[in-house]
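K.L.:
As a plain string of letters, each chain reads:
There are 2 protein chains.
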Amino acid sequence: MKIEIVENVLKYNKDQANLNRELFKKNNVLVINLLSSPGAGKTSLIIETIKRLKQKKNIGVIEGDISSTHDAQKIKEYISEVVQINTGGSCHLNATMVAKAVEKFNLENLNLILIENVGNLICPVGFDLGEDFKVVVSSVSEGDDKPVKYPPVFIKSNEVILNKTDMLESSDFSIDFFRKKVNELNHGAEIIEVSCKTGSGLEKWINWITDRDIKNN
Amino acid sequence: MKIEIVENVLKYNKDQANLNRELFKKNNVLVINLLSSPGAGKTSLIIETIKRLKQKKNIGVIEGDISSTHDAQKIKEYISEVVQINTGGSCHLNATMVAKAVEKFNLENLNLILIENVGNLICPVGFDLGEDFKVVVSSVSEGDDKPVKYPPVFIKSNEVILNKTDMLESSDFSIDFFRKKVNELNHGAEIIEVSCKTGSGLEKWINWITDRDIKNN
Numbered sequence: 001m002k003i004e005i006v007e008n009v010l011k012y013n014k015d016q017a018n019l020n021r022e023l024f025k026k027n028n029v030l031v032i033n034l035l036s037s038p039g040a041g042k043t044s045l046i047i048e049t050i051k052r053l054k055q056k057k058n059i060g061v062i063e064g065d066i067s068s069t070h071d072a073q074k075i076k077e078y079i080s081e082v083v084q085i086n087t088g089g090s091c092h093l094n095a096t097m098v099a100k101a102v103e104k105f106n107l108e109n110l111n112l113i114l115i116e117n118v119g120n121l122i123c124p125v126g127f128d129l130g131e132d133f134k135v136v137v138s139s140v141s142e143g144d145d146k147p148v149k150y151p152p153v154f155i156k157s158n159e160v161i162l163n164k165t166d167m168l169e170s171s172d173f174s175i176d177f178f179r180k181k182v183n184e185l186n187h188g189a190e191i192i193e194v195s196c197k198t199g200s201g202l203e204k205w206i207n208w209i210t211d212r213d214i215k216n217n
Numbered sequence: 001m002k003i004e005i006v007e008n009v010l011k012y013n014k015d016q017a018n019l020n021r022e023l024f025k026k027n028n029v030l031v032i033n034l035l036s037s038p039g040a041g042k043t044s045l046i047i048e049t050i051k052r053l054k055q056k057k058n059i060g061v062i063e064g065d066i067s068s069t070h071d072a073q074k075i076k077e078y079i080s081e082v083v084q085i086n087t088g089g090s091c092h093l094n095a096t097m098v099a100k101a102v103e104k105f106n107l108e109n110l111n112l113i114l115i116e117n118v119g120n121l122i123c124p125v126g127f128d129l130g131e132d133f134k135v136v137v138s139s140v141s142e143g144d145d146k147p148v149k150y151p152p153v154f155i156k157s158n159e160v161i162l163n164k165t166d167m168l169e170s171s172d173f174s175i176d177f178f179r180k181k182v183n184e185l186n187h188g189a190e191i192i193e194v195s196c197k198t199g200s201g202l203e204k205w206i207n208w209i210t211d212r213d214i215k216n217n
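One line per chain: the protein sequences are A and B, in this order. For the first sequence, position 80 (counting from the first letter as 1) is numbered 80 according to the working numbering, and the numbering increases by one without interruption. For the second sequence, position 27 (counting from the first letter as 1) is numbered 27 according to the working numbering, and the numbering increases by one without interruption.
Worth double-checking, as some hints may not be accurate.
Just so you know, same-sequence chains aren't split out, so a pair can sit in one copy or run between any two.
Below, in silico cross-link-like pairs of lysine-lysine (BS3-like), each with a Cα-Cα straight-line distance of 25 angstroms or less [unchecked claim]:
no.: 1; residue 1: K104; residue 2: K156
no.: 2; residue 1: K74; residue 2: K180
no.: 3; residue 1: K56; residue 2: K74
no.: 4; residue 1: K181; residue 2: K74
no.: 5; residue 1: K215; residue 2: K11
no.: 6; residue 1: K76; residue 2: K181
no.: 7; residue 1: K74; residue 2: K104
no.: 8; residue 1: K197; residue 2: K74
no.: 9; residue 1: K14; residue 2: K181
no.: 10; residue 1: K11; residue 2: K51
Keep in mind that the hints were calculated from the coordinates and are not lab data. All of these numbers come straight from a predicted model, not from anything done at the bench.
This is chain A alone, in the form it adopts within the complex (with noise of 0.2 angstroms):
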């Protein structure tokens, strides 16, 4: 019984991502979905970004917290297309919510849209929001294990970004590690590294957004 109703969940949720999808592409609008763990810096690597390409792209942000719309003021600072999902204690976004939030965007305008996941590097993986890619956001600070310890989220994401590498020297995250567990459970899959702190590393790293903007190709 909790199986199929588990299932009935996830079927539902592809359904309303496949909606998602199709809506996403009929105004070429190009949609990241960004994990990562609590800290890891998706909000900073979203404001970074949205300074380097808001004069060329008009973009649009969700932000997916369990609760608080902290990360939503500080991106309002920069662009005012953000809407904040508060999931009400719910540990991952699902479809519907960004469905419910796209609604408050004009799509035929905006060349991309940025969400930030929930802060949690399980539980979102599973659940497909229509976008385009996946990329999941490790740092440094956590330590080079997290391909080790948390195998799922590396496997589907489409990308890797490896933020604060300004903290390289002081500790002791050996890259060469950490790229051959990313490499062991994902060829496909490029580790950009970057600091949003120096600004190190993100020029690739926008390079990487404008080679997939769909409305500029």
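Given chain A, work out where chain B should sit, using these hints.
P.N.:
Chain B in isolation, oriented as in the chain A frame:
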């Protein structure tokens, strides 16, 4: 229907947690359930605790992970009483998993069991394991806004460890803001500032445990 099943799961867990608690009390074992984001330093805290207490206390460790035996192997370098639980993808430990793990210990001989929950700041909060205390480990590198963004774990924990205080100088983390937000959620929880890297503050944490050790009091 879904709500009813969730309630049944929680009721079943609570019943098993109460059985665990009885067993722990009968054997005068202090049990601490450690909760945190991935990479906040639960494993390091456990290792530093073992180093400082193993001459005086018999310690058992239960390691919760969605997969791998990575952390259990690290801890086995220091003590032999380590049981790994692999949740098979589940985002939290439950009381039944802990009951099975505890069968591997000789409880009469133990003073203290440290349970390292799955790295997740949300889902483990609702699942009583029969522990005496829930302790949340937050870290400077995650940012000072964690109590704002993840209130339940700070509300439900008996004690807050702030780890990685060696990073305070090079970050914009505000201890005052963090303390204020924790206190707003939970008047009773003391905040112990530690650095597992430098050893700073660990004495206070060790005293906190020693004050609560039932066999020796």
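K.L.:
Just pull the numbers of the violated hints for me, sorted ascending.
P.N.:
1, 5, 9, 10
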